[in-house]
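Those protein sequences? They're chains G and C, same order as listed. Everything in the first sequence is counted per this note's numbering, starting at -12 for the first residue and increasing by one. Everything in the second sequence is counted per this note's numbering, starting at 5 for the first residue and increasing by one.
Read the hints as simulated data drawn from the structure, not as lab findings. There's no promise every hint is true.
[Claimed, not checked] Straight-line Cα separation of at most 30 Å, DSBU-like style, residue types lysine-lysine; simulated pairs:
(1) C:Lys65 - G:Lys137
(2) C:Lys218 - G:Lys147
(3) G:Lys127 - C:Lys44
(4) C:Lys65 - G:Lys127
(5) C:Lys44 - G:Lys137
(6) G:Lys147 - C:Lys34
(7) G:Lys147 - C:Lys65
Here the structure is a predicted model, which means the values were calculated and not measured.
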Amino acid sequence: MINLTINGLDVSVEEGSTLLEAAQYLGFPIPTLCHMEGLSPYGACRLCVVEIGEGEKSKLVSSCTYPAEEGLKVRTASARVVRARKMIIELLLASCPQSKTIQDLASKLEVRQQRFRQEHEDCILCGLCVRMCEEQMMAKAIGFRGRGEKRSIGTPFDIKSDVCRFCGGCIYVCPACQLRCTYNEPEKAICGGCANLSPPCVEIDRFNDMMCYMDPCVACEIEKD
Amino acid sequence: MKPSDVRVILNKYEEDRGGLISILEDIQAKYSYLPHDALKIVSEETGRSLVDIYGVATFYKAFSLSPRGKHLISVCMGTACHVRGAPQIAEEFERQLGIQSGGTTTDREFTLETVNCLGACALGPIVVVDGHYFSKVSTTKVKQILKNAKDRLDKISIEKDRRIFPVEVSCVRCNHSLMDPNFLVDGCPSIKVIVSFENKHGWLLLSSLYGSYKVSSEFDIPTNTIINFFCPHCNAELSSATACTACGAPMVPMIVKGGGMVQICSRHGCRSHMLDLNGINF
Ligand code: FES
Ligand code: FES
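This is chain G alone, in the form it adopts within the complex (with noise of 0.2 Å):
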C-alpha cells in the first residue's frame, strides 16, 4: 500500500494505482476527457491535471497516468489547478465546439466564452478511438498519423482497413462525433443549459429557441449571468 495526502487527507491506495484513482477513491471529482475505464491512460487532453509536491517544486501533472507515490501532496483543486483546467478547456472548446462532452465539461468549469480564434476541426486527438480499436476491439485499424500540425487520425493509406469489422466502437467513444450540441448558432454553442444545475423554468416561450434538447433548461441562470 502506498500512503499519500490529497486535498490535506491521507488515503492509502495500492501499488501501482493512479493519483485519480486514489482522489476517487476519496470522492474528489476531477474532470477527465480522454480517460476511460477499461482503455489504458493516454494523457492526452490534460483535463485532469493536478498539483503535486510543495512550494517552489510544485507542479502540474496529468492525474491519469501518474501513479501514486509515498508520500506525495496532491492539490486537486488549488487556484493553478484551476486556472490550467480553464484553459485547456477553453482551448478544447476552440477547436471542438460543437461537443456536447466538452461544452458540458466546460459548464461544469463554469467557462462559458472562449477568446481564441474559432476552429471547426472535428478531432481533438483524445485517441479514445485508437485505444478502444486496438485494446477492446483487438483490431488495430486506426492510428495515429503525421505529426504536428498534420497529426489525424485514420487508418492507414486513408482505405479501408482489412482489420477493421465496423464494429462502431471508435465512434461510440469519441467525445467530438457523438451527441452534438448545435444550439441555433453553432458560434456560441456553449449554452451550458444541458449541465443540469438546476429546475426547469415555467416560462418555456421565454427560453423556448434556447432549450438544449436535455432537461432541465437552465438558461434563464445563465442569462442572469
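Since the structure of chain G is provided, determine the placement of chain C with the ligands on it from the hints.
For chain C with the ligands alone, kept in the frame of chain G given last:
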C-alpha cells in the same frame, strides 16, 4: 516492387525485428520511398500492425510514401538561413522545377524539400543536393546547382582523391577558426576539435593536409568507433545530415576558408570525406 526484395531486407533484421526504423530506412534506400505493398509485407512478417508502421512512416520526415526523384534537394529554412533569404531560394527552386516544396518533378529527376537547420548556419543559406552542401546560395546560383546536380554530382568518386594541400577550417555553427597554430601535425597547423566517445571526452588534432589522415588525440581511439565531434569555441556538435557513403556513419562538416565545406567521416579509421568548394566538387 518485388516482395522478395523486401523479404531480403527483412531477413537482415531477423534477430532484431524491433528495429522498425532501420527496416523502413533500408526499404526507403532501395526504392527511394516506402511503397504501400512493402509496408504490408513488413507488417505481415514482423507481426506489427500496419497502422503502427504507417504511423512511424508518416511521423518522420525522412520517410516518403510517394516516389521520390533521383536527386533530393533540401533547402534549409532554419532561422539563420531564413533571415538570409532562404524562402526566396526555395521559391526559385519551385519556379525552376515547376513543383511545390515536398513535390517531385514529373520526370522523377528532382525532389524538393525544405528542412529546418542543417547545422551549418554560418554558411547559410544552405542547400544540400544528394548530400553535397552548397553554401551561401543566392537565387542566381539556383540554375547552376540544378545543372551540377544533373550532370556531375552522382559521378564523383572521392576515394580516388590523392591531392595534398593544406586547408584552413572553421566551425559550421559559430564560424570560429578551428586551426591550432601551436600544435603541428604533418608540419602544418592542426585542426583542433573536441571529441567524445564511450564516455571519454577530450581533444583531437587532425592534420590540415587534405588527403592526410594523421591525427593525434588525448586518448587511443579504437578503430571503427564513431566519434562525436564538437567545436571547442561554441561547443556545438559538428554533425551533418549526410551519411558516409562508405560506412554509413554521420559525416562531420567544417567550413573551408575561402568558401566551401569539407566533410569527414566520423568513424575512426574510415577514410571517406567530401570536399565542396563553393559547390564545385573535387
Ligand atoms: S484525462 Fe487525464 S489527460 Fe485526459
Ligand atoms: S539555419 Fe540553415 S543551417 Fe542552420
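Here's how the hints hold up against the structure:
no.	hint	verdict
1	C:Lys65 - G:Lys137	12 Å, holds
2	C:Lys218 - G:Lys147	59 Å, violated
3	G:Lys127 - C:Lys44	14 Å, holds
4	C:Lys65 - G:Lys127	24 Å, holds
5	C:Lys44 - G:Lys137	23 Å, holds
6	G:Lys147 - C:Lys34	28 Å, holds
7	G:Lys147 - C:Lys65	25 Å, holds
Of the numbered hints stated above, the single one contradicted by the structure is hint 2.
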